[in-house]
Structure formats: C-alpha cells, structure tokens
Amino acid sequence: MTQVHSKRLAPLELAVPLAAAALWVIAPGQLGLLTQIATTAVVVLGLDVVVGYAGIVTLGHAAFVGVGGYAAGLLALHVFAEPISGLLFGAVAGAALAFLTGFVVLRGRGLSLIMMTVAVAQIVLEIANKSRKWTGGDDGLSGFEVSPLFGIFPFDFTGKVAYVYSVAVLTICLFALRRIMRSPFGLTCVGIREDRVRMSAMGCDVSGHLRLAYALGGALAGLGGALSAQTVQVVGLHSLSFTTSAEALVMLILGGTGRLWGALVGTALFMTLHHVAAELDPFRWMFAIGGLLIAVVLVAPSGIVNGVLGKVELWRERRAGL
Amino acid sequence: MQILASIAIDSVTYGMTLFVIAVGLSVTLGLIRVVNLAHGLFAVLGGYFAWYAMTVWKFGYVPAAVAAIVLTTTAGLLLERLLFSRVYRRSALDQVLLSIGIMFVGIAACGAVFGDGIKTLPLPPLLSGPVELGFRAVPAQRLLVITCGGAVVLAMWLAYSRTKVGIRLRAVVDHTDAAESIGIDSRLFYAVAFALGAGLAGLGGILGAEIMQIEPFYPTKYLVTFLAVVAIGGLGNIWGSLGAAMLLSGVETSSKYLLPSLGSILSYAAMLAVLSFRPHGLFGGEEGE
Amino acid sequence: MTHALRLDGIQKNFGALQVASDISLSLPVGARTALIGPNGAGKTTFVNIVTGALAPSSGTIRYFGQDITAASQAERARAGLLRTFQITRVFKTLTVADNVRLAVVQQRGQQRSAWRSADRDEIGEAKVASTLALLQLQHIADRRVDRLAYGERRLVEIALALAGEPKVLLLDEPAAGVPKGESETIMRAVESLPSDLAILLVEHDMDLVFRFAREIVVLVAGAILTTGSPDQISRDPRVRDIYFGHRHARR
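Residue numbers (the numbering used here), protein chains in the order written: chain A, 1 to 322; chain B, 1 to 289; chain C, 1 to 251.
FYI, nobody ran anything at the bench for these hints, they're computed from the structure. As the structure is a computational prediction, the values presented were derived from the model and not from experiment. Glycine included, each C-beta is placed from N, C-alpha and C at the ideal position. Any given hint could turn out to be false.
To be verified - With the Cβ distance kept under 7 Å, some of the chain C side facing chain A (calculated, not the full set):
no. : residue
1   : P38
2   : Q110
3   : R116
Can you make the complete structure from the sequences, with help from the hints?
Okay, structure coming up:
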C-alpha cells in the first residue's frame, strides 16, 4: 500500500494550490466550505500518519483537534492574536497530549487500543465541558480575534485571506509529510504496521517509535484544530466529540489509507457530499453517505485512491515485464 | 441504605440490558472476527418492531416482543448473508467503513419510516406497577429485565457448553479449516451466530427501552457503551461480557447517584485503567481488531 | 576465551509443561553449529529464548561475556544478535529493496531520521546493494514482496537478518519448503558469511546440516540429548533411534 520510491520527489503537492485556485474561480461563493475542507484535510492527514502508516487505529483523534483549537483560541484571547503562533501553539498542544497519552494508550492492541483512545477523548471532552470559565462549556469559546496575517492581511468576513491561509498551511503540511513518510522514520512506521515482532527482532524500539508517530498525528490534528479556530473564530465542544473522530476516520478510509492523497480525496468528497445533502433533511444525508460507504467498500477495496493507484501499479508492472 | 438499594437495582437492570445487547457484538468481534459498528441497530430495531407490532398490529406486549425478536433476527441474517460475509477476509478498516455505512443507512431508514421522535413501549398492567419484595418496592419492569437477562445467561450457558451446537461453534471458531474438513459448514455457523446475536440485541433493545430510548440515533448514541462492554469483557468472552456489563453499569449508576458533577469521567477513567493493565479485557479474550 | 554466546541452565516452564530443561551450550566466535531434533523438541522455543522473544524461567544467557538475560529482544538485536523466522515474516507491501533498507535503517539506528529520503544514505545503500547481491535478489529488488514466490520470500527473510550486521546469527529452518535453486542460494550465502560470525542453524534437512556444521547439538523434548562433531552424531545410536531415518544412517 505504501511505497518509498527511489526517484526524486515530484512536487505533486503543488496540485493542491492549483486546485484551490481553480475552485476559487469556479465557486467563489463556497470559500467558507472550501476553507473548512482544507482545515479538516490537515487533521485527516495527521490521522493517516497514525492509522495508515503506523497502523494505530484510533477513534479518539478529536481529542487533539479540540485541544489544538482551544489552545489557539485561548492564546488569541488572553495572550496575543498573531495567527502563526496560534498554529504552532495548537500543534504543540496536540503533540504533547498525544505523546503523553501514548504511554498508556499504545499499550493496547486492536479493540482495547481503540477504546482507550475513545476514553481519552471523552475525558478531555468532559473536562472541557466542565471548565466553563476557560472554554465556555456548551456555548463554546468565541470572541477572540485573529490579527492580520503577517500584519498585512486581515481575516475579514469575505473569507479570502482565511482561504489562502488554509490552503497554504495544507500545502506546507502535505509537502512536509510527503518527505517525512519517505524517510527512514516513515519506513519504520510502515514496518511496525506490517509486523511489530519482526521489527523488534531487527532492533527497533517499537513503542517509542509509535509514540513519536502518534505525536506527529496529534501535532497535525492540533494544527488543523487551531486553523479551524482561527478561520471560523469559534471553538466548540463538537471538535472534541466522538462524531468528529469517527467522521475523520471515515473520510480517511474512504479516500484510502497510507497514501496521504487519500486523506485529501476522502475529506473533499465527504464534506462536499455533507454540504450538498445537508440541504435536505438529516436522514437523507445519512442515507446518501451510508450508501456511498457501502458502495465504496464493496467496489473499491482499500479506499478510492488505493483502488485507482493499485490499478495503475498493476499496469506499470505489466509494462515493465516484472 | 435506600440509595444503595436503588443503585443496586438500577445497576443490575442496566447491566443485564447491556449484557443482552452486547453479547452478540462480543461474539461477532471475538469469534466471527468481523467488525460491526452497527450492532446498536439491531437493538433499536427490536424496539421499533415491537412498537409497530403493539401500535399497528395491536399485539400484546409479549407477542409483540416475540415478533420483534424474530424480525430482528431475520434482519441480522439478511445483513450477514448480503453484506458482512463479503468482507470477512478484508481489512478491519474496510469492515469499519462498511458497518458505519450500514449504521447510517439504518438510522436514515428508521428516521424515514418511524419519524424522529422517541417511541415508548407501553407495558401491560401486570408489569407496570411496583412489586413488593418485603424490604422495598421494585418496579415490575426492572424485575422483568433482570429475570429475562438471567434466563438468557442460563440458556447461553446450557447451549454453549452442553449441546452439540455449542461444541461445534467452538470448533469452527478455533480451527475453521479443520472443522470444515470434518463436514461442519462454517458459513452456516457464522450466519447463525450473527443472527442470534442480532436477535438478542433486539431483545435487549425492548427490555431497555425505558432507559435507552428508542429513537433513530440510538446506534451512534450507545455505540461506545457497547464497545466498552466488549473490550472490558474480552472479545468473544461471553461471561466476560456479563461481568463487564455489570461493572460498567455499576460505575455509571453509582456515579450518577453519588457524584453527578463528574459526569461520565469516572466510567471512562475506569475503562482506561482496566484496558491499560489488561488489554485483553478484564477476564481475558481473543486478540482482535 | 569469551564465547560469542553462552547459555547456562536455561529452563522454561509454562505451568507444568517444561519446554526447555537445563539447556547449557556455548557458541564460540565463528561457530558453525547446527541444532537438530524431532518436531516439537523445542528448537524454535530455544531460538525465541536466546533472542529475547521469550523470557526463561531460570538460567543465564551471556553474549560476548555480557549477561543479557534481562535485555529486550530489540536491545539484543541492536547488539548484533539476530535471527530469521521459521514462518516467513517479511514486509509484504514493500519492495524487496525497501525490506532490506528497513533492516539497514534499524541497524544503523536511523529510525528517527525524518527528513531525508530513506534511500539517500550512501553507506546504507551500499549495504542494501551488497545484501541483495549476496542473496541474488537484485533482479527483483523493485518488486513488492507479496508478488514473490515462496522461495524468493525466504531469501528476503534471510536478507533481513544479514542486513543487520549480525555477530551471532540464528537461522530457523531457512530452507524449509524452499525449492532446490533457492536453497542452494541460501546455503552459498551462509557459507560466504564472515568467519568470525557465530551461526546457529536449526534445520531438518540433513544434507544441509552435514554440509554446514562443524558441531551438532541434538535437542529432544526440550533438553540436550548430546552434542558432538557431525561424525560422532551420525554414529550415535541414540540419535539414530530418535531422529535419523533409515536413509541417513551412516555406516
């Protein structure tokens, strides 16, 4: 499913800003939705590192998203409102929570691991809920403003700056992750996913490495949460919910794990469908999405991107006579 | 003292309900080894079918329950044959996606057919009042749940360890190839086990309709709870599910009565603690996804 | 003289079941020792105990004089104590080259290197290339392992251990179920290994055992029945009774 090619990395991540520019031209009224897709895609990229590359199935990723969002919001509200610092603060918050909980959570396997991730996320949610003074509880955290980007570009109601900002962050994250997952670090993640015992027998400190991968995923989740907080200018308990974790996982599996691109495709598809179908009543939307998921599983094993790329690889190998 | 008795009764009632619903999931995850996040759908379908039988067909409580369980078991069988059996050999993530898709479609179907309100199951006069137990009065409904739960436990124990069916199921699960070579049809067993699990969940949905209300989003609302019972009990460990259900319901009920300000933090912290020390579940189970 | 590997009084019980009884043996530097015994004798358990996958109930293990009984499997591997698995454990979704690269990365301690591409380390790549050449895998270096035949996968299995720069190598039935061509490649690769590398070969194929071993250890029911040179072992009537078939009885 994942491959480390020995050729130079083509700058394919440029496809993201190109597509974003095209979409701006085609659908200028949808910048809000497109921005949301970009911020969510950052989160799902992080989830791909954890689930797709390292093989840690989690239904508690929202903990890091929410923590990043609240961190950025609180920083802007109480300290200073410079956006990039907010992003970094959110990323660090997400990474720290992931790394620390990793000591406990990553001891599990299979279902117990999943349930521990859920437990952590629910505990964080309850704590956020009870700490009304800091988080606003049910009402959410709002009223913070984000300073103009680089001091020049204000985040106004047109959403244009927010859009460019989000797409830029997404592109940088994609670029960084493509490099990281092709490095020895990324290769080791894949090895652990495939066979931990073999990795141990080759000298790998499996649990230490998994904690790092988990922390990387947490950092991206926190970054995405912070990005969302800054572009929407509100953070709610929903960002910590089980639904958020489950939807992120669905988006990832739908697009295909272990490729990074699957995270983008899955997020775009899911959120667009959600947006379109949300015009109808909530049950129609669930019907549509549910049907899509069932169809994809039965027709395109391992997600859309893997299904397509799998066919491409087969074709290439046949041509090369391997 | 009164509070303790209340906690005990509510806790056992809730625990029995959880057990009856979750045991099918434990079998699915641990023995059949397929992920089914839509399991709650069977529980809520039990409630919906029973409501329909009582309201539209004018059945009494018990006949409606029986009809509902039969219908739910059939639904389980259909889903297993048509969808789940196709993904037995696929990755766990694919199974996650499929079962979430089924759950969504199920929720949408329930919402479209039955509307988004809560459905109540009217109890017959025999079961609606309190029962004098000497030291205190207990709602008859609670006793019904506890009795039914106990009957299920007994029946499962007998079936699993005493009958040829139970022995064959264990053979199929432990050594599918060997079992098939001596003529046991594993597909049949998977289908039956899955369907029975669904039927039990339906029963649980009916029994628990007062505390776990019948409404379209039921499957997502209680998914985490059911998974918790299975994880703590150990995958495929039927008695473990019973213990875990009792433990979880005990913690949640006491917490609700005694420390309401903490919300469910205590339950989740307990789950975290148990699983970090005993990742195979408190009582041990299969290693699985 | 310090032995490369030395076991003293290794015992392993699972409750009442004893799978290893008072095993003491030593591998000198440059050993060419074979471990033989009937099925169920505990040979793979032995390998698991030595490599740290299974903790002994009692006894000590010394690696170049150092007590490693409490060391983890990964620690032992990093120190050069490596093994192959009887049931092939390779990384199926990666190419052959990436499999070997993965082993080299662990050995060189580069798992945390996160920016440079995995194939950009010159020394590492040289090791990958030489390991591939040793097992004649160059022509399929870019093929995914799940597309390989069983024999080819076995070669990758061996490659993973060799790429780790072993000082003590335990080969658990490396040629099991492998067609003649590949088993020949495996044996030639083993024969070309450095003479200061201590190798323990667990095998059933007696031709390979006699070709390879300077010393043979016979394990029966978790205990060492006897050790000796190939000549002594082939003449030992107890060994013939328990293990050797009619075909291998030497005159």
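Going down the list of hints, with the structure as the test:
1. With its C-beta approaching chain A no nearer than about 25 Å, P38/C sits outside the 7 Å limit, and its interface hint is violated.
2. At about 4 Å, the closest approach between the beta carbon of Q110/C and any beta carbon in chain A falls short of 7 Å, and the interface hint on this residue holds.
3. At its closest, the beta carbon of R116/C sits 6 Å from a beta carbon of chain A; the interface hint therefore holds under the 7 Å criterion.
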